[in-house]
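Number of protein chains: 2
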Amino acid sequence: MEVIRINFKEQLPIVYQAIEESDFLAIDGEFSGISDGPSVNTLTNGFDTPEERYHKLKKHSMDFLLFQFGLCTFKYENAESKYITKSFNFYIFPKPFSRNSPDKTFVCQSSSIDFLANQGFDFNKVFRNGIPYLNQEEERLLRDQYEEKRLQANGSGAVSYISPNAPKTPVSIPDDQKSFVDKTMERLEAFLKDEERKTLELEPCTGYQRKLIYQTLNWKFPQGIHLETVETEKKERYIVVSKVDTEERKKREQEKQAREQEKQAKELEELNDAVGFSRVIHAISTSGKLVIGHNMLLDVMHTIHQFFCPLPDELSEFKEVTNCVFPRVLDTKLMASTQPFKEIICNTSLAELQKRLKEPPFKSPKVDSPEGFPSYNTNSEQLHEAGYDAYITGLCFISMANYLGSFLNPPKGHVSARSDIIRPFFNKLFLMRVVDIPYLNLEGPDLLPKRDHVLHVTFPREWKSFDVYQLFSAFGKIDMSWIDSTSAFVSLSKPEQVQIAINTSRYAESYRIQTYAEYIEKKNQDSNA
Amino acid sequence: MEVIRINFKEQLPIVYQAIEESDFLAIDGEFSGISDGPSVNTLTNGFDTPEERYHKLKKHSMDFLLFQFGLCTFKYENAESKYITKSFNFYIFPKPFSRNSPDKTFVCQSSSIDFLANQGFDFNKVFRNGIPYLNQEEERLLRDQYEEKRLQANGSGAVSYISPNAPKTPVSIPDDQKSFVDKTMERLEAFLKDEERKTLELEPCTGYQRKLIYQTLNWKFPQGIHLETVETEKKERYIVVSKVDTEERKKREQEKQAREQEKQAKELEELNDAVGFSRVIHAISTSGKLVIGHNMLLDVMHTIHQFFCPLPDELSEFKEVTNCVFPRVLDTKLMASTQPFKEIICNTSLAELQKRLKEPPFKSPKVDSPEGFPSYNTNSEQLHEAGYDAYITGLCFISMANYLGSFLNPPKGHVSARSDIIRPFFNKLFLMRVVDIPYLNLEGPDLLPKRDHVLHVTFPREWKSFDVYQLFSAFGKIDMSWIDSTSAFVSLSKPEQVQIAINTSRYAESYRIQTYAEYIEKKNQDSNA
Ligand SMILES: Nc1nc2c(ncn2[C@@H]2O[C@H](COP(=O)(O)OP(=O)(O)O)[C@@H](O)[C@H]2O)c(=O)[nH]1
Ligand SMILES: Nc1nc2c(ncn2[C@@H]2O[C@H](COP(=O)(O)OP(=O)(O)O)[C@@H](O)[C@H]2O)c(=O)[nH]1
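In order, the protein sequence lines correspond to chains P and Y.
For the first sequence, the numbering used here gives the first residue as 106, with consecutive numbering after it.
For the second sequence, the numbering used here gives the first residue as 106, with consecutive numbering after it.
Isolated chain P (complex conformation):
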């Protein structure tokens, strides 16, 4: 189901219900870009530590816009042994909701935009009809402003006419305001004596001065006049004093309160509209449901960054925030890359995984979708519509989970999202292209592989991969990961070879070799310096 700005409020209860009733849900995001600096390969180096990867993605990926969010909810129907799926495609755009609201900027990367354009992505839908959103800080600020305004309005409502419980003692007027207040009182007394005149407009003045006038009048003239603050075209505020009897005063007061209440209700609605799509994420978050994604680190980072809070500086804090926002996540790319799937699934890209899981030993689950929801045909690919990708991701999860059930004693054809057998895959996010750390562990410290067979090599810009392979040709099979155009990591087959390599490099002029440990140590020194 397509959800855009104009049908968002109407669809929201349906979204809430779908989340609430689901056994699990799958998500997917489309972004306006991936990297605003390094090439994608540099962003995902084979020997990144989880910290390095997190910092690089935070630095180079977060200024892009998550502008399509796919959500697919899955609810198992025991009676018919099938899943009911509800898939949503949200278009998202930070339309400024008022003259004073944040005017967000975001970055676009040509290659990503071009890729989506080739998939037929509808940018007009995003930019013309995208749902707005606020992060928590922005929402809080707006709610504070709203509350302040409400209190002030109610307050000034109370002093805008001469209150029955007017102060019994004179207001203390600071010295520098005395002449101003005195002059105003003179004008007022003249006005009250002049029977011809019904209203008096005072001069524009500051909020503080208005407060002094209100208080003084409340004390001096507890009855018979009504005060109201009015704005000029230039936004200067001034007080209008009118003569009124008690009856009239009450009526005016009631009218004013009704107007005020209506205005407040409208403002509250506008505020909720401004929070917009973030409400969906809050609902996902508070539901505590298992959230499935495919290669979902960037999706999780973007979701938190855009709809909750700027990403924290430290990876450990990011893990904490993620545990709050998504208490249970599962990454199908990690699952497919792990035993017992690793052996029988050779390509874990979403499209290939989906195809593979239609073949034995896997079984495609029975799925159905209620009226009004898309019933996607998985044979005609529609990849890169986020709602479809989320749907496919959920299907992949079901097939893999059910396959695990076949190892149980007795075997189980249906494995639920609450089954212990999938517990080992919880809260681990796939780390793309890292050679020796399969996942980011959200529930504790990360794996710390010994990289004692890894070298850091520096060389002239002119070198190509071949030159590096050539350099290590004596050492048998090696692996190489570019860092930038003058350095790379090289992993040797055997740690014993490391010392030999370093020894032979000692007199080389064009290139330099150090161990991974030395490299990390220097890097830490530099970052502490």
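Because identical chains cannot be distinguished in the list, a pair is counted as satisfied if it fits within a single copy or across any two copies.
Subject to a maximum C-alpha distance of 25 Å in a straight line, what follows is the list of computed SDA-like cross-link-like pairs (lysine to any residue):
id, residue 1, residue 2
1, Lys569, Ser590
2, Lys163, Gly142
3, Lys627, Leu420
4, Lys463, Thr443
5, Lys254, Gln241
6, Lys114, Asn205
7, Lys161, Gly142
8, Lys163, Pro207
9, Lys164, Gly142
10, Lys209, Ala222
11, Lys209, Asp589
12, Lys209, Ile139
13, Lys340, Ser592
14, Lys569, Gly312
15, Lys468, Ala522
16, Lys187, His519
17, Lys340, Tyr616
No lab work stands behind these hints, which were simulated from the structure alone.
For chain P, the structure is supplied; the task is to place chain Y with the ligands on it using the hints.
Relative to chain P, chain Y with the ligands alone:
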């Protein structure tokens, strides 16, 4: 006429011709945003110096994309006393043209995007069908690469078969390559003796090693074999040796050269495609025609930045570059704000100006457009399609220029783009909202108004405009320009008041006042420190 990626090449000659035959042309750009930091009012402070304005726009406006370029050419037909207009709407997008081409990123500002969306702007047309472009440096790099490849291909073409004018002396082989070359020669001799075999595939090796083999074989076996370099799937290159007679060799050589020429022609075409829209700007530039724009500083800056070169750091250099790229420009907003128009035109925004110029004493020019070009109806507004805005801008110029003609003796109904009477407006770009410097002078130093009645005021964040006005209430009429939330410029009516204001401020705690001269001096000190 709408010009997008697919019809660009076909339309280019028409665009060139329209530029060539025109008397003058008008341009307008649409951008993905205006400011990536300061509010628009802060970006355009009333007391900016031309340098400050240039530096702010360079810093905060250039990361946006100029994604629609409007061009309207105007050619006067004496016989019928009318202008023939040809209006073009170019959609522009930096689609990466190959795996190795720059993957540009650009910024979008929500409010600008939202504004364009409300005007019905078609973002899909930009992102799916936008014309690519390169700046001069990128083009040069690509041409160099192309040239290098071409030379290399032709070179290796010459050594890829055994040349009749093979070297008469042996090739000198460096020590560390001797064993490699010797081994290769052994394999080759064995191959040549073996009558069963027709071809031999050598091992993949470096470019340098291939060169050594080519040279050695050219010398050792000037006849009877043909060499060709082939690439494996992993992009490793190796040499294939085949036995051939002279006839066969010649045929192969010719085929190869034909293939090579075809490939080069295709690459040259791809290169020109990649230069894309920049070719239109080059044509405008080299035509030397008068280029009209409305409030065109940002248009000029973006055009240069996107299609020529990154903007220089200094304003004086920017003026030089602009004089090269646009030898003659005229800004209709400046014209409308200057004598004798100033007095009779109260609103100089494009839409209002256009309406005003339909009324006496102005006359609407007679215009016509050839088939295939839009004949815009200026009564139903279509503002913010760049081609339409360019068209309107041109019309405004004609009406104002012709009005100037009425002052000549004898009066002239038609003033041409070459008339001396408009010369005073050449090469001056309107400076938006600067109080006392109407334009940026491209032909020399800028006006340097004495700002001896201007104060720089610093105050608490809580202050509103009113508080500042209040502070200076004793001085009569003042003007105020916000710098940021804790400072502003205030101009007094009389320079004599400056010292009084500074004296009274001496003991104030909440605010500080300094003269404009003091402010500039400190600022220069800070930037030199
Ligand atoms: N000197 C040199 N650097 C390279 C070469 N190939 C890649 N690099 C560097 O390594 C980075 C990652 O390269 P690669 O893994 O090929 O990714 P890609 O450039 O995004 O396709 C590049 O941005 C370069 O800085 C090469 O052949 N020579
Ligand atoms: N302290 C204070 N700062 C202001 C006020 N109004 C504007 N500013 C500052 O001046 C800048 C320009 O303001 P303004 O000219 O109103 O432009 P706008 O904020 O873009 O509408 C703002 O970004 C603020 O930093 C005000 O009432 N009080």
